[in-house]
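J.: Kindly produce the complete structure, drawing on both the sequences and the hints.
Protein chains in written order, with our numbering: chain A, 1 to 263; chain B, 1 to 306; chain C, 1 to 356.
Don't take every hint at face value.
Straight-line distance between alpha carbons at most 27 Å, and here's what the computed BS3-like set of lysine-lysine pairs gives [said to hold, decoys possible]:
| no. | chain 1 | residue 1 | chain 2 | residue 2 |
| --- | --- | --- | --- | --- |
| 1 | A | K70 | A | K144 |
| 2 | A | K59 | A | K178 |
| 3 | A | K144 | C | K4 |
| 4 | A | K29 | A | K59 |
| 5 | A | K78 | B | K103 |
| 6 | A | K144 | A | K130 |
| 7 | B | K175 | A | K59 |
| 8 | B | K103 | A | K98 |
| 9 | C | K246 | A | K155 |
| 10 | A | K98 | C | K336 |
| 11 | A | K130 | C | K4 |
| 12 | A | K129 | A | K155 |
| 13 | C | K246 | C | K4 |
| 14 | A | K144 | A | K98 |
| 15 | B | K185 | B | K175 |
| 16 | A | K144 | A | K155 |
| 17 | A | K155 | A | K192 |
| 18 | A | K155 | B | K103 |
| 19 | C | K4 | A | K129 |
| 20 | B | K103 | B | K185 |
| 21 | A | K78 | A | K98 |
| 22 | C | K342 | A | K129 |
| 23 | A | K78 | B | K293 |
| 24 | A | K155 | C | K163 |
| 25 | B | K103 | B | K293 |
Think of the hints as simulated: they come from the structure by calculation, not from any bench.
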Amino acid sequence: MIRTVLRTEHVTMQFGGVIAVNDLNIVVKEHEIIALIGPNGAGKTTAFNDITGVYTPTKGRVIYSPAEGKEIDITGRKPSEIAQLGIARTFQNIRLFKDLSVYENVLIAKHLHLESNFLAATFRLPGYKKEEEAMRADVERLLKEVNLWDVRNEKASSLPYGKQRYLEIVRALATEPKLLLLDEPAAGMNPKETAELTEFIRQIRDRFNLTIFMIEHHMDLVMEISNRIYVLDFGTTIATGDPAAIQNNERVIKAYLGEDEDA
Amino acid sequence: MELFQAITNMTAVSFAQHMVNGISLGSLYALIAIGYTMVYGILLMINFAHADIVMMACYFALFGITTFHIPWYLTFILTIAATALLGVIIERSAYRPLRDAPKNSVLISAIGASFLLENLANYLFSGRPLHFPDIPFLSSMIDLNGIQVQAICLFIPVVTLACLFLLLHIVNHTKTGMAMRAVSKDYEIARVMGVNIDNIISITFAIGSALAAIGAIMWGIRYPGITPYLGVMPGLKCFIAAVVGGIGNIKGAVIGGFILGLGEILIVAFFPQFSGYRDAFAFIMLLLILFYKPTGLLGEKMTEKV
Amino acid sequence: MNNKRNIMLTIAALVILFGVACFVQAEVNSYVRRIINLCLVYAIIGLSMNVTNGFAGQFSLGQAGFMAIGAYMVGIFTVPVELRADVFYAVPMNPHLVNVYMPLWMALILGGVLAAFVAGIIGTPVLRLRGDYLAIATLGFSEIIRIVITNATSITNGALGIKNIPPLNDVRYIFMAAAISYVLITLLLNSSYGRAFKAIREDEIAAEAMGISLFYHKNLAFMVSAFFAGIGGGLYGALLGTVDPKNFLFTLTYNFLLIIVLGGMGSVTGSMFGAIIVTAGLEYLRLFDEPMELMGIAIPLFRPGLRMVVFSILLMVCVLFWRRGIMGTNELTWEKIISFVKHPLSGFRKKGVQGK
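T.: As structure tokens, this is what we get:
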């Protein structure tokens, strides 16, 4: 049987009187690409924030399994702890370290694996030096692989928009995650760029042995690479299934596809 | 147990005395705290200079009476007007140019403005304490059944509450007040809806500074040693009062002011051995409130959008 | 490798500067030495403040309090035992401390460690706050430290302050302390931990999502900052020869705020320039406080207090019109110096990518 990497159990998020996410039950299995779709304001990003510890769900649990036979309840843990456990994410409205270089952006993502303490780092003890070299070598390899090496000294904010999206994904990859959460990776991209991104997501899944959970509006991307799709509307899951089933689902068409023709 | 003993050791008269002191100090804090909370509600910044606006108002009143020999009641009105103007000038010159700048720059500018006012006062009026003139009746001591009270102490809470009700009326029942609430709720939307943000901000500073001037005048009568740095400690405490009450909330600021004023006086009254730590009380309150209820007693919950 | 070359150049520069310090110590009058020493001490404290405010992006205003801790450690432990009765004439010194003597360096380190320890205690509740709340809370703590010092009379001599601290007006000693602080802070900031600080400054939420613990790193920055502020404060006390709670009013912190704003928030070399300009400038501005005569006519403007007015206007002008300061978040690197020496004018043209 294939291992379930992430599972949400009855996750509910309430802000004052507003229920942003209601009884969310998602299962993400190893090596899958799962999509979460729904109209704007359906609660998708809130669901991501519940999983990555930015919010603590009002009700329910988030269970994460980093390896076979190991299950961790990550509900309400700090975002940094969750990242250290192997869940990385990107943000809907790109959150790069704007004033830092491309290289530094990615190098910073390696910090969570650092074992030397700050004194060892300050005094450049051999253990730290070795780690620093390994981190830099990793980042170099990664940046070369995704064709960002040539712009490594540029400020992150000076990159064109599309490249910033890629950089954010690469930065997430540098944390060596097992589960990658992408929040609208294709936002603002044209069809050609979206097609490239689709290919890229598939590649990194295989290359880094990832499980991917993403929020996306571009339906061609979603339909092409998702193993399964969850549809959210007003915080509630209105449909689940493979792309073909979702495309033909009456409720989904009514709630979502019917209104949003640019799909 | 110790508290119990301390209370029982105190006579009713001296307790009443402390209560009067505490309430009048609390009222003064409340008046000044309103200015902090209004500005924070709209611009999300600590107006560090507010404390020094209080100080400047004291000097305005002092010089109006002593140097220019203007009758005290007229001086008070002029002082309130001049202080409101000063508040608006500070906003225009130190804060408005940084409207779109990073928050830390605004903070530094506010600190700079505060520091400039202090140094300016020190330069112009010298660092030596000047004596606030005695005001007929208000400065005199009266005897209420054995409690010795300065007459102003009886007026301070009344004036404060009157100001509070007037302000609440303005905020809740006038067009300007509605615009102020709109800007404080959502700056961008208010702008789009056609609210003249710059005007509203100026009015906010004018009102806050005018209240500070009223507080300052009563402060001067009550504590007549006027120095360039007199606003600093009360200023910090009043900002804390605003945080305790729930920043951005006018009633909260008043409640916070009373808690701080009364608390400070009563702690010293019950535990004279801690009198040296009187100024630390406010900061401990700040930590407690931020730890247990960061939004303050009457504040609304704010969630940051990710 | 360029890296090795830079290290060698830095060492060489420090050695040369130490030589200069020795020369200054031997040849220059004590007034000028005092100003140079004050520059160096301010540089240490400015740097320490830049660690939290410029690099980790946490707006802390507690420097005066941490300095006070360092200064009082020097005051309490380095006054010669036989002179202590003179100092503590009102309330005798605590019997456990009255015979404890330490050499200066030990008291400095103790002051730094104690300041860092206090910062660690304060940091846990306070560093959860953002922006201006943090500023107010740290400022409040700096005042509380001062209040505690004023009241702990048997240890600190209360409001009377501690006199008879063996005066230290030795440029070599203070230069060494400043150089060591500079090197250690630079090494930390250029390490992975320093990058984590910068990440938090740039975007807390993204930094956290990258696995950087905000709690740990903010506290670390805060404690390191307090440590060096404590050392700087200790040197400050030794330089003055006397410590007094009034020396450590929170307005003292504004000096360092100006240093880092002027030099550039987030630039180590900027803090150095800032410290030199502010200290020398404040000293130079003293003539504003003196009555001045121009062609036999006294100019009424010049009288005590004008210096600080000019100083605060400077701070305002800086933040209103020159927000990046001298260096912004950049550093003066050997690469820039060398390329400037080779092509004195190209520095003005060069911009952006260095393709290699």
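J.: Determine which of the earlier numbered hints do not hold for this structure and return their numbers in increasing order.
T.: Hint check: 1, 7, 9, 13, 22, 24 fail, others pass.
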